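Asks: Residue strings, one per chain:
2 protein chains.
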Amino acid sequence: MSNAAINYANEHRRQYLTEMEALLSIPSISAQSEHIPDMEKAARWIADRLTDAGIENVAIVPTAGHPLVYGDWLHAEGAPTVLIYGHYDVQPVDPIDLWDTPPFEPTIRDDYIYARGATDDKGQMFAHIAAVDAMLNADGKLPVNVKFLLEGEEEVGSKNLEDFIAGHADLLKTDCALISDSHIISPTQPLAAYGLRGLVILELEVRSAARDMHSGQYGGVVHNPLTALVHILAKMHNENGTVQIPGFYDDVLPVSAEEHEMMAKLPDHILEETGAKKLWGEKEFNVHERTGARPTFEIHGIVGGYTGEGSKTVIHAHAFAKLSMRLVPNQDPEKVIEQFKAYVADITPDTVDVEIRTYDRAPASLVDRHDPAIVAMSQAYEESFGNPPLFAREGGSIPVVLLFQQYLGIPVALMGIGLADDNLHAPNERFYLPNFYHGIEASIRFMNIYAAQK
Amino acid sequence: MSNAAINYANEHRRQYLTEMEALLSIPSISAQSEHIPDMEKAARWIADRLTDAGIENVAIVPTAGHPLVYGDWLHAEGAPTVLIYGHYDVQPVDPIDLWDTPPFEPTIRDDYIYARGATDDKGQMFAHIAAVDAMLNADGKLPVNVKFLLEGEEEVGSKNLEDFIAGHADLLKTDCALISDSHIISPTQPLAAYGLRGLVILELEVRSAARDMHSGQYGGVVHNPLTALVHILAKMHNENGTVQIPGFYDDVLPVSAEEHEMMAKLPDHILEETGAKKLWGEKEFNVHERTGARPTFEIHGIVGGYTGEGSKTVIHAHAFAKLSMRLVPNQDPEKVIEQFKAYVADITPDTVDVEIRTYDRAPASLVDRHDPAIVAMSQAYEESFGNPPLFAREGGSIPVVLLFQQYLGIPVALMGIGLADDNLHAPNERFYLPNFYHGIEASIRFMNIYAAQK
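Going down the list, the sequences are from chains Y and B.
Residue 38 in our numbering sits at position 38 of the first sequence, and the numbers go up by one each step.
Residue 64 in our numbering sits at position 64 of the second sequence, and the numbers go up by one each step.
Certain hints may be false.
No distinction is drawn between identical chains; accordingly, a pair holds when it is met within one copy or between any pair of copies.
To be verified - Subject to a maximum C-alpha distance of 27 Å in a straight line, what follows is the list of computed DSSO-like cross-link-like pairs (lysine-lysine):
| hint | residue 1 | residue 2 |
| --- | --- | --- |
| 1 | K159 | K278 |
| 2 | K41 | K159 |
| 3 | K341 | K235 |
| 4 | K235 | K283 |
| 5 | K341 | K278 |
| 6 | K173 | K265 |
| 7 | K278 | K235 |
| 8 | K235 | K277 |
| 9 | K335 | K283 |
| 10 | K341 | K277 |
| 11 | K141 | K173 |
If you are wondering where the hints come from, they were derived from the structure by calculation, not from laboratory data.
Remember, it's a predicted structure, so these values are computed and weren't measured experimentally.
Next up, chain Y with everything else stripped away, as it sits in the complex:
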């Protein structure tokens, strides 16, 4: 392969960093409708940048929600085609007061760039745009054909992506997908993710009365919905952290002895990364089994009652909890939802009514570790980050991987370049700049190795 593109990328680091800052400055929060104009602005920025790089057929594709950005370069005759996916939408920023610098004013401290979306996923996504830019500038061509598919709804469950993929399977039919939306172990220890957990998002509402009540008048005679809710939620786990929904683990596949050994050897820095005082959860499984191969049930927020300044001795008429379940391979989201509903019906006292609302859902996925795309990723990682990757299952969920497998039948290389302590979804999200530069290099190498190998 030509080193011209890598040299070009290294010589233009300052330019790529400045461009990433511009993209990070756009508050493209997909969950909040007030940011619709920012979503359009971010899509426009990306489309313009792809065009500048030399990508063709660039289009901002409207959806029922936030737009997709598509673009391609198809002049590598006889070479394979790589589908590059990323997302330009970001998580909400609250609690805003815990950010050291404003989330949409990118700030560099100690080789990190701090901003919402820095690592999830604008920064990681932009590494591939920079890689293509460097190759087209240095060589005037790419070693593979490339199609970009960049969405704006990943953080809200990729609601409209499935329709687009299903309706454009011919356009998107490629040899593999390349996605950077996950983390590696350290700046010199890459991690090849071959599994992702699935996800179910739910809300559970409890109602006991038609109106809010004074706790002096009605305390002790009307069921406080918050009390009923905590009683129901407390029955979701036992003291060991094992989920108590009947049937929840029925379809969970046991981890093979070989995989168990591999997982046991993976490093774990959870206490340092989170500041937790102690690990929690199913003691009979090792840490990487718990996050990668075991399903979980989480409470993300409880709404209801007075949460403002001072005190208010009110009993609210209703309360609800925002919940999610992470699923592992072979679990069916619909079946798990039914199990949850049946369990809640079983444990709800007759003094309250409950309502369960279901939102996004996606099953887990596992990728073949011996596919040429995975092999190319492994080699690109080693040459760019200095060490061969460890193989692991990710605890998170990327529904798009499943959609690609389901509608396009292609293998997906999850070439993450974030770090575990990048504060994803939390205040002070950041991206380690050496990983950004090595990520651009890894993207260039991936395409060259994949072209040569295929």
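Take the given structure of chain Y and dock chain B to it, following the hints.
Replies: Using the frame of chain Y, we list chain B on its own:
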């Protein structure tokens, strides 16, 4: 007694209603610091109105928090002196979207006036100002000496009232106190409250990590503080609604057979008033025992996690609950707080840290049912509302009653004129206008009967 004052009051109903509307238009929310100017405006409005009525020595008394309003009329030589207490501060208004009309734009529908503070306590308090105004206009004098003490911190625990009462015991030393800040059974069935529950306000915080976490990366290995919190809170009640804090009921006095019978005969409209589908709570006690003679534990709000629009699969580093306990006679708030702390320490898992913050506290109180003030109240109620009152214990807490008993040694007549379904502390708070007019009359009659009896 002269009927001139009652005739005067009845002829000036429209004027008194218009004046109450003006007072209700001031958003005097004591819990929210942005309303400090409104608190001052409300205090000034009341001081001016007392002066207009002919009350003397009117003063707006600064405190470390919101001001008190004082005024007196002391020309009834040889007659007893009545201390009239009320509060001009109101509860917060959220959830604001459940109000049918804006909380600070008083609106009359079907003989009710709707506004925050309509019944709790601006409307009830203003009935006494109107009564004194009517007597001084009609008769040029009052049958008793009167001292007004109107505070602006009742809804935030009367933080600075105790200092004022303790420091002005000579000024406030009177023969009885008259307070309208409670409800009666129906517009024609008054209720003489002789007992009030005490109150302890707390917060319980649970922390498991130093920062917020992605539920994919850390779900299953770090204890979600919301999960830990619901496990702790679920252990506060058993299925019967009985509080599980060890020792919690140790000092609770059994209700006498006579009182039990009296309570069993009191009407109960809880299901109609609240829209609850079913009663809840300790089955071995009747409804009025549960609200009046049994202590309770309530969750008022849970803070922590994402509660905004859409979903956010985050695990927050910490979460806390806003809590209260209603106490009954002979329970010591400090002892109950220690019991709660010991229980929480006992049931908290070692994967999280907890912090307990205590706020307001007040013991319960019981008033002698045969005191001349209670007898005068009973007769005034009967003559103004058409029926003699039933006697009951209130479920709510009025800390000022205890302060009057403790520092002034005076009996307190709780001559409430609200109704149970007035939506206290809730959206669409309201006040029944016939009760307002009958309340003015009852206040005039109380002072005349008390003067004649004493």
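Asks: Would you mind marking each hint as holding or not holding in the structure?
Replies: Results of checking the hints against the structure:
For a Cα distance limit of 27 Å, the shortest separation of K159 from K278 qualifies neither inside one copy, at 37 Å, nor across copies, at 40 Å. Taking the closest pair of Cα atoms, K41 and K159 come within 27 Å of each other only inside a single copy of the chain (20 Å); across copies the shortest separation is 51 Å, beyond that limit. In this assembly of identical chains, the alpha carbons of K341 and K235 lie at most 27 Å apart whether taken from the same copy (13 Å) or from different copies (23 Å). Both within a single protomer and between protomers do K235 and K283 lie at most 27 Å apart by alpha-carbon distance, with minima of 19 Å and 23 Å respectively.
Taking identical chains as interchangeable, the C-alpha atoms of K341 and K278 lie at most 27 Å apart only when they sit on different chains, with a minimum of 22 Å there against 32 Å within one chain. For the homomeric pair K173 and K265, neither the shortest alpha-carbon distance inside one copy (37 Å) nor that between copies (78 Å) is at most 27 Å. Taking the shortest Cα distances, K278 and K235 sit within 27 Å of each other both inside one copy (22 Å) and across copies (23 Å). Taking the shortest Cα distances, K235 and K277 sit within 27 Å of each other both inside one copy (24 Å) and across copies (23 Å).
For the identical chains of this complex, K335 and K283 are intra-copy neighbours only, at 26 Å inside a copy versus 38 Å across copies, given an alpha-carbon limit of 27 Å. When the C-alpha separation of K341 and K277 is checked against a cutoff of 27 Å, the pair qualifies only between copies, where the shortest distance is 21 Å, while the shortest distance within a copy is 34 Å. In the homo-oligomer, the alpha carbons of K141 and K173 lie at most 27 Å apart inside one protomer (21 Å), although the nearest pairing across protomers, at 95 Å, exceeds that limit.
Checked against the numbered hints given earlier, the structure breaks hints 1 and 6 and satisfies all the rest.
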